[in-house]
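Chemist: Model the full assembly from the supplied sequences, consistent with the hints where possible.
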Amino acid sequence: MEAYKVDVAIVGAGGAGLRAAIAVAEADPSLKIALISKVYPMRSHTVAAEGGSAGVVQAHDSLEHHFHDTVSGGDWLCEQDVVDDFVARCTGEMVQLEHWGCPWSRKEDGHINVRAFGGMKIERTWFAADKTGFHMLHTLFQTSIKYPSIRRFDEHFCVDLVVEDGRAQGVVAVQIASRQFTLIQANAVIIATGGAGRVFRENTNGGIVTGDGMAIAYRHGVPLRDMEFVQYHPTCMPGTGLLFTEACRGEGGFLLNKDGYRYLQDYGLGPAEPSPRNKAMELGPRDRLSQAFWYEQQKGRTIDGPHGAVVHLDLRHLGEAKLRERLPQIYELAEEFLGVDPARAPIPVRPAVHYTMGGILVDGRCAAPLPGLYAAGECSSVGIHGANRLGSNSLAELCVFGKVAGDAAAGFAKSVAPGNSAALLKQAAAVEQRALAILTNTSGTERIATLRKEMAESMENGCGIYRQGDTMQATCDKLGELRQRFRNVNVEDKSRVWNTDWLLAIELGYQLDVAEAMAHSALNRRESRGAHQRLDGFGERDDIQYLKHTQAHYAGDGPPRIDYGDVKITRSAPATRAYGAAGEKAEQERQAGREGKVPHG
Amino acid sequence: MADVAETRKFIEIEVLRYRPEQDSEPFLQIFEVPFTDDMSVLQGLQYIKDYLDGSLSFRWSCRMAICGSCGMMIDGKPRLSCKTFLRDFHPGRVRVEALAHFPIERDLVIVMDDFIDKLESIKPYIIAKEPRTLEQGEYLQTPAERDVYEQFSSCINCLLCYAACPQYGLNPEFVGPGIMALLHRYNVDSRDGGAAQRMDVVNAEEGVFNCTAVGYCSEVCPKHVDPANAVNQNKTLSAKDYFLRFVTPKGGAR
Numbered sequence: 001m002e003a004y005k006v007d008v009a010i011v012g013a014g015g016a017g018l019r020a021a022i023a024v025a026e027a028d029p030s031l032k033i034a035l036i037s038k039v040y041p042m043r044s045h046t047v048a049a050e051g052g053s054a055g056v057v058q059a060h061d062s063l064e065h066h067f068h069d070t071v072s073g074g075d076w077l078c079e080q081d082v083v084d085d086f087v088a089r090c091t092g093e094m095v096q097l098e099h100w101g102c103p104w105s106r107k108e109d110g111h112i113n114v115r116a117f118g119g120m121k122i123e124r125t126w127f128a129a130d131k132t133g134f135h136m137l138h139t140l141f142q143t144s145i146k147y148p149s150i151r152r153f154d155e156h157f158c159v160d161l162v163v164e165d166g167r168a169q170g171v172v173a174v175q176i177a178s179r180q181f182t183l184i185q186a187n188a189v190i191i192a193t194g195g196a197g198r199v200f201r202e203n204t205n206g207g208i209v210t211g212d213g214m215a216i217a218y219r220h221g222v223p224l225r226d227m228e229f230v231q232y233h234p235t236c237m238p239g240t241g242l243l244f245t246e247a248c249r250g251e252g253g254f255l256l257n258k259d260g261y262r263y264l265q266d267y268g269l270g271p272a273e274p275s276p277r278n279k280a281m282e283l284g285p286r287d288r289l290s291q292a293f294w295y296e297q298q299k300g301r302t303i304d305g306p307h308g309a310v311v312h313l314d315l316r317h318l319g320e321a322k323l324r325e326r327l328p329q330i331y332e333l334a335e336e337f338l339g340v341d342p343a344r345a346p347i348p349v350r351p352a353v354h355y356t357m358g359g360i361l362v363d364g365r366c367a368a369p370l371p372g373l374y375a376a377g378e379c380s381s382v383g384i385h386g387a388n389r390l391g392s393n394s395l396a397e398l399c400v401f402g403k404v405a406g407d408a409a410a411g412f413a414k415s416v417a418p419g420n421s422a423a424l425l426k427q428a429a430a431v432e433q434r435a436l437a438i439l440t441n442t443s444g445t446e447r448i449a450t451l452r453k454e455m456a457e458s459m460e461n462g463c464g465i466y467r468q469g470d471t472m473q474a475t476c477d478k479l480g481e482l483r484q485r486f487r488n489v490n491v492e493d494k495s496r497v498w499n500t501d502w503l504l505a506i507e508l509g510y511q512l513d514v515a516e517a518m519a520h521s522a523l524n525r526r527e528s529r530g531a532h533q534r535l536d537g538f539g540e541r542d543d544i545q546y547l548k549h550t551q552a553h554y555a556g557d558g559p560p561r562i563d564y565g566d567v568k569i570t571r572s573a574p575a576t577r578a579y580g581a582a583g584e585k586a587e588q589e590r591q592a593g594r595e596g597k598v599p600h601g
Numbered sequence: 001m002a003d004v005a006e007t008r009k010f011i012e013i014e015v016l017r018y019r020p021e022q023d024s025e026p027f028l029q030i031f032e033v034p035f036t037d038d039m040s041v042l043q044g045l046q047y048i049k050d051y052l053d054g055s056l057s058f059r060w061s062c063r064m065a066i067c068g069s070c071g072m073m074i075d076g077k078p079r080l081s082c083k084t085f086l087r088d089f090h091p092g093r094v095r096v097e098a099l100a101h102f103p104i105e106r107d108l109v110i111v112m113d114d115f116i117d118k119l120e121s122i123k124p125y126i127i128a129k130e131p132r133t134l135e136q137g138e139y140l141q142t143p144a145e146r147d148v149y150e151q152f153s154s155c156i157n158c159l160l161c162y163a164a165c166p167q168y169g170l171n172p173e174f175v176g177p178g179i180m181a182l183l184h185r186y187n188v189d190s191r192d193g194g195a196a197q198r199m200d201v202v203n204a205e206e207g208v209f210n211c212t213a214v215g216y217c218s219e220v221c222p223k224h225v226d227p228a229n230a231v232n233q234n235k236t237l238s239a240k241d242y243f244l245r246f247v248t249p250k251g252g253a254r
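Each protein sequence line maps, in turn, to chains Z and U. So the first sequence is numbered by UniProt numbering: it starts at 1 and just counts up by one. So the second sequence is numbered by UniProt numbering: it starts at 1 and just counts up by one.
Lysine-lysine pairs mimicking DSS-like chemistry, simulated, CA-CA at most 25 Å apart: (1) U:K129 to Z:K146; (2) Z:K146 to U:K123; (3) Z:K453 to U:K9; (4) U:K129 to Z:K107; (5) U:K240 to U:K123.
A few chain Z positions that, by computed beta-carbon distances, are all more than 10 Å from chain U: (6) H68; (7) D259; (8) S275; (9) Q297; (10) L318; (11) G364; (12) P369; (13) L425; (14) E432; (15) N441; (16) K568.
Note that these hints are calculated values from the structure, not bench results. Note that the Cβ used here is the ideal one computed from N, Cα and C, for glycine as well.
Modeler: This is the structure:
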């Protein structure tokens with residue numbers, strides 16, 4: 001066991017982890033930072049984000065608009081004080097990235113350009129063609145190289161957190177190339193490990209998106225909040241689930257059913273106009289669009305394809321020149337993976353799992369209930385996404401809350417004395433033994449891929465776009481069974497060097513725990529809100545009983561214990577979530593002061 | 001992945017194996033894999049790992065040619081396995097090997113420390129020409145100014161150009177195409193004033209003049225970065241810099 005002492009350890013080196021590391025380095029250059037990632041930072045899944053990142057810049061836009069788009073988009077399950085803080089910080093963070101070299105797309109006068117996105121009243125999405133996440137990630141990674149206090153542990157897999165005297169005091173990581181274990185002792189730990197979309201079958205996520213940090217925090221008693229809210233992105237590649245960005249529609253793309261009809265007008269999103277109006281039709285929010293797809297499929301108005309039903313994403317009217325300029329990656333994906341030239345034929349798409357709205361419970365300073373532990377980015381639930389995330393808010397979140405977490409962790413790290421290294425090393429040795437046990441178990445018979453496949457199919461069946469009590473219960477039961485069978489998992493590869501078979505098994509353990517938190521949280525929410533829609537008599541939002549955050553608590557071998565936390569409402573009382581013409585009418589009424597009073601509490 | 005259980009088609013994938021704890025040298029192993037026409041080579045490898053041999057190791061993540069993890073030699077050519085399709089090799093056999101010119105860590109995993117060390121050495125970040133506070137807002141940069149460096153900023157660090165570069169194969173000290181593209185990306189960014197600090201890398205013995213202008217790097221680049229173009233532009237800049245060192249007190253690239 002190697003040992004390394006730092007002030008702040010950061011697990012995950014995607015957008016949030018890198019931004020946090022830079023924040024700590026800038027807060028106090030004397031603080032030592034460990035930045036731990038199971039891949040090289042530029043492989044992190046931030047890289048795959050396409051469309052853009054939110055930040056108010058236009059004179060006719062306002063923080064108030066961004067606030068309302070976010071809170072109503074989240075079906076009022078957002079922490080409104082945190083959303084206020086978030087929208088106020090977004091633009092500064094985008095400018096900061098600009099100063100660090102991010103190649104934002106520009107207007108002719110040299111100012112940055114913004115594009116329209118779903119669920120957004122005024123255009124405020126900063127973009128770098130359709131590779132925004134890629135450019136943000138590489139900008140952050142390359143900028144991080146400037147700071148000598150950031151020591152990277154690339155291709156180090158985090159196996160656990162060490163908790164002593166009631167606070168997080170470091171992590172145990174294993175070097176993938178050598179299986180060398182290292183205790184990274186730290187006064188504060190930031191988890192920035194991203195989402196968990198790979199627990200589902202068809203998803204937009206990279207293979208590394210396995211909920212590691214969520215599971216690690218959860219096993220240490222930190223609740224996972226609002227895990228039932230999983231976003232289906234409406235326009236993904238059939239089979240693989242690869243993403244066709246919402247910017248396709250932001251730039252003017254249409255969604256057509258088998259009759260060539262813009263079907264969204266039948267789902268309260270109309271009227272259909274030649275170019276989509278903000279917050280209407282194709283620029284409605286993701287949950288509504290994915291739900292509309294489901295209904296079209298029920299009505300038999302989708303198109304049959306080799307990987308299931310599809311609708312058409314039609315970009316032809318935008319013309320090749322504009323597509324090559326604004327959506328070059330989409331163009332290539334369609335051509336190379338589907339053999340479709342999007343300037344000449346529509347792209348077949350269907351919804352796929354995209355984003356984990358819930359995550360590690362943290363407050364507005366990114367602090368978890370466990371002292372010394374912080375979380376930022378998709379792994380966290382800081383409270384800005386509610387029941388459905390607004391497009392463009394996740395990239396902004398990485399920067400805003402990466403920095404908040406870095407500042408908060410730096411402050412905490414300076415306020416406490418380092419713990420007892422001997423005790424921590426003893427704990428770390430036990431962690432190592434547990435991690436190796438799964439490898440040395442020679443009687444295992446369960447294949448990793450089989451368990452993973454059964455998990456992913458079960459999640460899709462029970463926790464899809466529309467849900468029912470009996471199928472959710474079946475998924476909960478199945479996950480309980482899979483957790484039992486997982487104890488008998490067979491790791492074929494026993495070697496030390498680059499043993500990915502072993503790491504896949506550990507990841508599967510993480511995934512099963514996170515999946516169970518999702519399924520039980522879903523089963524227990526007897527209403528429909530945002531991305532959680534039920535067909536079994538709970539089809540309406542129920543603000544009396546469920547204007548609450550779900551909190552899933554780890555309970556060892558048994559299913560999670562579920563309880564609820566309050567939602568912070570400051571000035572936007574829950575109202576009808578309306579888009580299209582109905583939304584504009586509601587907006588006018590709201591501005592005329594007819595909005596309901598804010599409830600107490 | 002497509003439902004491969006229903007497929008009737010099979011392809012042989014010949015994989016270069018090397019497990020340092022048990023193999024004295026790399027060897028080729030053949031797997032027969034069921035496939036559908038939309039399956040990538042990466043999906044073929046995943047099938048092997050999931051159902052035929054769990055010990056096969058390779059890097060991958062995004063599946064959509066942007067994370068840069070899955071570069072391999074496929075039929076002798078450096079390619080991303082996620083966007084190379086099995087159908088293009090059927091009914092023949094497809095050979096998959098670790099990227100050329102790098103030490104093999106295990107199976108298809110190469111040691112890429114050299115690339116990371118070089119990246120860290122070139123100051124791959126904006127060294128502001130005119131420092132600016134956040135309150136002053138963004139730097140103005142016209143689309144034309146952006147176009148000058150945008151292509152070079154699109155490097156996904158997949159290392160295919162290094163596997164293609166005969167000079168890098170002969171001399172790993174050579175800074176190489178990808179890093180030169182990234183260095184150039186910052187040097188020609190209108191916000192940057194750090195070119196002089198980076199010219200030492202360009203001018204060094206292992207800098208641009210090591211390149212023999214084969215151009216294969218640009219041919220294999222999956223993101224149209226055209227690193228050969230960056231190298232060529234820097235040959236000119238380097239010659240100019242060499243000259244300027246004699247006539248200006250501080251020397252300099254611009």
